[in-house]
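Trainee: Sequence:
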Amino acid sequence: MDLVYLAISATFVNNILLAQYLGNCPFLGVSKKLETALGMAAAVIFVSVLAATFTWMVSTYVLRPYGLEFLQTLTFILIIASLVQLVEIIMKKMSRTLYNALGVYLPLITTNCAVMGIALLIAKKQLPFIEMLVFACTSAVGYGLALVLFAGHRERLQISAVPESLQGTSIALITAGIMALAFMGFKGMA
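Taking the numbering used here as reference, the numbering of the sequence shown is continuous, increasing by one, and the terminal residue is 190.
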């Protein structure tokens, strides 16, 4: 039951994007079309789970036992950047179609603070391995869900009669705020 609570909380209540406001650059930049939002969501989910696993291992077995927690941020940045590059090279050789499907989104993940935020939250909470996997996966799924829902709203806004003074980023931020309020409604569940 604790894992279900953790999953609901990470996906909806404490959504990494709408509640903690991490990763908003791709949120605003990539969310103009549903297709690109789906690509970015898939890339974030994949890299977040992979990065969380590696950063958890380094944090648990190297940094904490030797009192090197002060190197956590630098270490996590290096791990995430290295993993993204490694995944990009492997995908290019093994699965050209998947590599082409992710396109530019895979390198962009290196600078996505949602991935780093998930890794840092896991280290801060000192979660055991299974809880870490559930938290990383559901946080990334929550990010993807918010991104895809927002992209759907933005596509609808393009064909809607929006006042000229609110067009573009203004209406996007208002919509994001309303979505954050809607996600807060799940607070009673968890």
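It should be emphasised that the hints constitute simulated quantities derived from the structure, not laboratory data.
Take the hints with a grain of salt, since some may be wrong.
Computed list of lysine-lysine pairs in DSSO-like fashion (alpha-carbon distance at most 30 Å, straight line) [stated by the list, open to error]:
#, residue 1, residue 2
1, Lys33, Lys124
2, Lys187, Lys92
3, Lys93, Lys33
4, Lys187, Lys125
5, Lys92, Lys32
6, Lys124, Lys187
Label pairs and their calculated CB-CB ranges [unchecked claim]:
#, residue 1, residue 2, range
7, Val62, Gln85, 29 to 35 Å
8, Glu88, Val62, 21 to 27 Å
9, Glu164, Ala81, 21 to 27 Å
10, Phe129, Leu166, 44 to 50 Å
11, Ala182, Leu3, 20 to 26 Å
Note that the coordinates shown come from a computational prediction; the quantities given were computed from them, not determined experimentally.
No residue lacks a Cβ here, since even glycine has one placed at the ideal position from N, Cα and C.
Trainee: Go through the numbered hints given earlier and state which of them the structure violates, listing their numbers in rising order.
Mentor: 1, 2, 7 and 9
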